[in-house]
Amino acid sequence: MAQKIGKVMAQVAMVMNLDKCIGCHTCSVTCKQAWTNRSGVEYVWFNNVETRPGQGYPRRHEDQERWQGGWRRTAAGRLKPRAGGRLKKLATIFANPKMPSLQDYYEPWTYDYEHLVTAPLGDDIPGARPRSLITGDPMRIEWSANWDDDLAGGAELASNDPIVQKIGDKVRFEYEQAFMFYLPRICEHCLNPSCVASCPSGAMYKRAEDGIVLVDQDRCRGWRMCVTGCPYKKVYFNHKTGKAEKCTLCYPRVEVGMPTVCSETCVGRLRYLGVVLYDVERVGKAAAVKDEKDLYEAQLDVFLDPDDPEVQAAAIRDGIPERWIDSARRSPVHLLAKRFRVALPLHPEYRTMPMVWYIPPLSPVVDALSETGHDGEDADNLFAAIDTLRIPVEYLAELFTAGDPGPVKDVLAKLAAMRSYMRRINLGRRPDESIAEAVGMTGADIERMYRLLALAKYDDRYVIPTAYGVDEADRGVIDEIGCSLDFEGGPGMGGMGGQVPFGEASGQPQPASVETFHALRDRQTSDGHSGPARRLNLLNWDGNGRPPGLFPDRRRPAGRDEEEAR
Amino acid sequence: MNPTALDYLLWGALPYVVIAILVGGTVWRYRYDRFGWTTRSSQLYESRLLRIASPVFHFGLLVVIIGHVVGLLIPESWTDAVGITNDQYHVTALTLGGIAGVTTLGGIALLIWRRRTTGPVFSATTVNDKVMYLVLVAAILAGLTTTLLSAVAGLNGEHEVDYRETVSPWFRSVFILQPDVAAMSAATAAFKLHALIGLALFALFPFTRLVHAFSAPVWYLFRPYVVYRTRDREPTPAARPTRRGWS
Chain B
1 MAQKIGKVMA QVAMVMNLDK CIGCHTCSVT CKQAWTNRSG VEYVWFNNVE
51 TRPGQGYPRR HEDQERWQGG WRRTAAGRLK PRAGGRLKKL ATIFANPKMP
101 SLQDYYEPWT YDYEHLVTAP LGDDIPGARP RSLITGDPMR IEWSANWDDD
151 LAGGAELASN DPIVQKIGDK VRFEYEQAFM FYLPRICEHC LNPSCVASCP
201 SGAMYKRAED GIVLVDQDRC RGWRMCVTGC PYKKVYFNHK TGKAEKCTLC
251 YPRVEVGMPT VCSETCVGRL RYLGVVLYDV ERVGKAAAVK DEKDLYEAQL
301 DVFLDPDDPE VQAAAIRDGI PERWIDSARR SPVHLLAKRF RVALPLHPEY
351 RTMPMVWYIP PLSPVVDALS ETGHDGEDAD NLFAAIDTLR IPVEYLAELF
401 TAGDPGPVKD VLAKLAAMRS YMRRINLGRR PDESIAEAVG MTGADIERMY
451 RLLALAKYDD RYVIPTAYGV DEADRGVIDE IGCSLDFEGG PGMGGMGGQV
501 PFGEASGQPQ PASVETFHAL RDRQTSDGHS GPARRLNLLN WDGNGRPPGL
551 FPDRRRPAGR DEEEAR
Chain X
1 MNPTALDYLL WGALPYVVIA ILVGGTVWRY RYDRFGWTTR SSQLYESRLL
51 RIASPVFHFG LLVVIIGHVV GLLIPESWTD AVGITNDQYH VTALTLGGIA
101 GVTTLGGIAL LIWRRRTTGP VFSATTVNDK VMYLVLVAAI LAGLTTTLLS
151 AVAGLNGEHE VDYRETVSPW FRSVFILQPD VAAMSAATAA FKLHALIGLA
201 LFALFPFTRL VHAFSAPVWY LFRPYVVYRT RDREPTPAAR PTRRGWS
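Chains as they are written, first to last, in the UniProt record's numbering: chain B, 1 to 566; chain X, 1 to 247.
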């Protein structure tokens, strides 16, 4: 069935292999350090790892009856943002009726460490009490981005998981029968992004070259409709700057061929990055198929086969550089999602065509089978066990296939087949092609999948072409000018300008515009690298002299101190 | 009554100073502070009160603005020509204007109360915001006073000095660069006060969060849902190639 190829576009997409996620949160922490360690976004995690079953972050974000994220298919078969079309958006612009409050995320806090050293001499050891980063007042910590980590809170909290409420008694919370797995989430960089569609200012956009969805900070006017529009709740409102912020897929790294920070630092090596070619003219129709359960297949049909000469010709016709096509041919994402079909989209029923896909976790099945006296790695035993896995297939299906258990079972069967097939090889036996055939694969495919999933070499996991206009020789080079917000007392230094008596949220706030005004003027009126004074990295200091930036400048609060410091 | 020197200063010179500040300030702000150009919404901190107060204020204000446009820009002779009597006009204008004005005032009162009593919202309030609120509320109050005085005068059957013969001709004359100072100096004190506070508000406008009004996203109605943009080809300072060698 050869369809006519419309306009070809490229997307940098991600796959996460949930089987290997140990829930260590390294991705979240490194992402936060890289992107959201500023005031105004204290509560924001571009990357977060949720324990499932669990409520997620923000709380119960999957409950679209309440939050109205994503798209809705109208009776006429067209797509409309679930929270309302253009007119309704403008009519409700003065107060967004469906915006999560800070309490739905969590109120960020710090500890009153100063008290530890300033407390008067007494009989009691002084403690550092928690204080809100929003008000500066002492607060009780009652929720966080990860309050129900590892099923903490048990059934009481996890039973509020919208999926648990939907599939009901399939999910058990008695200790012996409980299950859990981790779900790391970033922005999905959707092919049909409802956040972009919701932005009245047109500040949000999908980059034509690599599909990364970004917020133009100079055009965002803080109408907050994107926060509602995103069903994954991955667009956040910076309450200091009054602008939307979101995961950038670390585009400054991706542009020079480096993986995102979350991928680079993933301990389990479970993330894959690669280019997918797709036909943008098919997106609208595929996102609007009638039956939600067909959305997974529809999205696969949007992807183009980069090995097909016709696709390659069409891609070149549409201005995609050859090295991107080459990269797409080696893409682990295309391999896992389209060719092996072991990766599934997260919540396709939102109709946004997400581009971060997941390989569902195979529960600890081998040991469970072995305990019952069976050969835990025999293919037939494994296939039979999939229906009775500890993690119910229904739960995974609600996450990845709009409730259709078929594709999930197929994936789990393939993962089980890979174990069984590779065990024979490990034990020095002849490979058994029938195991591969049973799941519709070949032995060579299985070995390739094994290389990718089990060995997971760095160069196999991350196949990222450098951006158009960036020389291949620049691969891996990020110009480290530092963060433009990193000036003394600036947001990157934990303040918002001026003296900060307590915490980063206290004192007289200055509008972010004041400091960005100075920063911007500085940048626009200088020739070279500009930006506010930077701190010296002591790791690079040889101990001689007084290099600029070693000491903060006393006379001028921000700006060029390089000459003066000499 | 002949206009005094002060009248010439206030109604002949000041409007142009304000226009210069408004236009120049807006251009300046747009050039240097697009990042700060935002509503600075506090909905994340507090939503319950905002969801009532903000639409009440804004929709009230929109009606007030429409009322001002009609009252200031449409000459009396035009409404006479289509057969609207002066009484009909003023009853309608005062009723609608009164309702919209009171709604706006109620909205902003609730908003300010919320701002003062909700901890996080108050701590996010800058001096700039406070000055802006002061002038904005003063403008609304002075405007409502003129409405009230006109209504009382109308009910008593007194012949109040009609703003359509004083303020409106002056307002229009400003834009054809021939300010009719005499017309404005004949207006009542309440109207003069309201006009002065209004001028102050316009002068403050570009330097406060009020600029978000200039970016009312009407264009949203006409654009496709999904926006594509190509990568910035202009090298930013960060991407600018550094010279090789020992330089």
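Please note that the accuracy of each hint is not assured.
[Stated by the list, open to error] Chain X residues, not near chain B, derived (Cβ > 10 Å throughout):
{"#": "1", "residue": "Glu46"}
{"#": "2", "residue": "Gly67"}
{"#": "3", "residue": "Thr79"}
{"#": "4", "residue": "Val131"}
{"#": "5", "residue": "Leu141"}
{"#": "6", "residue": "Leu148"}
{"#": "7", "residue": "Gln178"}
{"#": "8", "residue": "Gly198"}
{"#": "9", "residue": "His212"}
{"#": "10", "residue": "Val226"}
{"#": "11", "residue": "Val227"}
[To be verified] Only part of the chain X face toward chain B is listed, based on derived beta-carbon distances under 10 Å:
{"#": "12", "residue": "Asn2"}
{"#": "13", "residue": "Leu6"}
{"#": "14", "residue": "Tyr8"}
{"#": "15", "residue": "Gly36"}
{"#": "16", "residue": "Trp37"}
{"#": "17", "residue": "Tyr45"}
{"#": "18", "residue": "Ser54"}
{"#": "19", "residue": "Arg172"}
{"#": "20", "residue": "Tyr220"}
{"#": "21", "residue": "Phe222"}
{"#": "22", "residue": "Tyr228"}
Read the hints as simulated data drawn from the structure, not as lab findings.
Keep in mind it's a predicted model, so treat the numbers as computed, not measured.
Every residue gets a Cβ at the ideal spot worked out from N, C-alpha and C, and that includes glycine.
Each hint tested on the structure:
1. Glu46: violated, 8 Å
2. Gly67: holds, 19 Å
3. Thr79: Check passes; 30 Å lies beyond 10 Å.
4. Val131: Holds: least Cβ distance 13 Å, greater than 10 Å.
5. Leu141: holds, 22 Å
6. Leu148: holds, 27 Å
7. Gln178: Glutamine 178 of chain X clear of chain B: closest Cβ-Cβ about 37 Å, beyond 10 Å.
8. Gly198: The claim stands: glycine 198 of chain X keeps its Cβ more than 10 Å from every Cβ of chain B (closest is about 22 Å).
9. His212: violated, 6 Å
10. Val226: violated, 5 Å
11. Val227: violated, 4 Å
12. Asn2: With a closest approach of 46 Å, the asparagine 2 of chain X hint is violated.
13. Leu6: violated, 36 Å
14. Tyr8: Hint on tyrosine 8 of chain X: violated, closest Cβ of chain B at ~36 Å, above 10 Å.
15. Gly36: Result: holds, 2 Å to nearest chain B Cβ.
16. Trp37: holds, 7 Å
17. Tyr45: holds, 6 Å
18. Ser54: holds, 4 Å
19. Arg172: violated, 31 Å
20. Tyr220: holds, 4 Å
21. Phe222: Holds: closest Cβ of chain B sits about 9 Å from phenylalanine 222 of chain X, inside 10 Å.
22. Tyr228: Cβ of tyrosine 228 of chain X sits 5 Å from chain B, so the hint holds.
In summary, the numbered hints that this structure violates are 1, 9, 10, 11, 12, 13, 14, 19.
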